[in-house]
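**Student:** Sequence:
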Amino acid sequence: MDPLLLCAYVQLSRDEFMIREGADGQKRLVVVNEHDEAELDRLLYVRLEDNEVLNVCIETLEALKYVPKIRSSPLWQHLLSWIAIPMSILCVVLTFVVYALLPALRTQPGLNVMGTCAALFVAQVALMLASNLQTSGVWCQALGILVHEAWLSVFCWMVVCSMHMFQVFSAKTRHESRSLIWETTQNTAVSILLPAVVVALVVAVSYVQSKGESIGYSSESCFLSSQLLVGTAMVLPLSVIVVLNLVLFLLTLRRIHEVTKLKPHSDSRQETHQHVWVCARLSMLTGVMWTLSLLSEGLDLDWLRGLSILANGGQGVLLLMSYVTTRRVRMLLYTRLGHHIDVTSTTHSSIVVSTIPSIKKEP
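Residues 1 to 363 in my numbering are what the sequence shown spells out, letter by letter.
Among the hints, erroneous ones may be present.
As the list claims (entries may be wrong) - Below, a list of computed lysine to any residue pairs in the SDA-like style, where the Cα atoms sit at most 20 Å apart:
1. K211 <-> V199
2. K211 <-> G137
3. K211 <-> L201
4. K211 <-> A200
5. K211 <-> L228
Derived from the structure by calculation, the hints contain no laboratory data.
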């Protein structure tokens, strides 16, 4: 650092800057305020006095690029996060495995459930990594892109589920079996390509506006780099999804009521009826989770962060309790496991019986 500054400078007190060790082991000066921080990389225009007052040239200070401050979470938040989120991930995996094992569940609603589980698994794992890995730079930006893409994919699968329910109760005829593969492929493509388009727009617009200095994803926070991007590329799509799902849910309920009046004792669409309620609850829970998460960061309230962690962890639990613990699924599992046991026992018995004559023939 230059011992003598030949420029107009600003004095920063000890609570307005900090010395941090970087990933390369080098000491770095960081200017901090209430919510943001910026790293000083031009130490030629910085002078540290003996009384721990930092003098910084005004031009250097004005050229700083601030990022959200890296804050340490309380221990209880870490514990809650490492309990709730892995539990949700485990529930998601169990739900996916059960649907993969039972062919009777792999109807179009069931395949939509599997798609939602797959997207939610990637989203929650990516969010856990972004929240807990001590990394920065390109890898952090790549992780931020994955978090954004995965959660947008979850939102898309929710719309797919709601749209399918509405179409089922509005359709006059059943879908043919051959359309199952086509519809699932189409749903998967939509849930991947639409988020990819949003991510590409964020990168392109940010790159052009910053003249090549930013791609819209922070190398420190591993997420979108500004509140404006969070609002337009995350909050806005989530709000549209929640409202659209609510409209489809209400229209589907009205159609269910009409069908029930015409066929009060018909249970041919009972499974689909159940999916309607689960999709609605999951959509609202995801909306609540992200609302609490964004509010907690904006207001800097730890208790809101705790509620958002619980809401995030509740998504996988909701899927498992709604789709796997039902009586029908339990009976299908018992039947499948019982079938394997019977086959194994029968095979073992036939082997024993077939070997008895050969034993008797020996002298």
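**Student:** Decide, hint by hint, whether the structure agrees.
**Tutor:** Now the hints, each set against the structure:
1. Using a Cα cut-off of 20 Å, the hinted pair K211 and V199 holds, with the two alpha carbons roughly 18 Å apart.
2. With a CA separation close to 19 Å, the supplied pair K211 and G137 stays within the 20 Å bound.
3. About 15 Å separates the Cα atoms of K211 and L201, which keeps this hinted pair within 20 Å; it holds.
4. For a cut-off of 20 Å, the pair hint linking K211 to A200 stands: about 16 Å separates their Cα positions.
5. Taking the CA atoms of K211 and L228, the gap is about 18 Å. The hint holds against a cut of 20 Å.
Every hint from the earlier list agrees with this structure, and none is contradicted.
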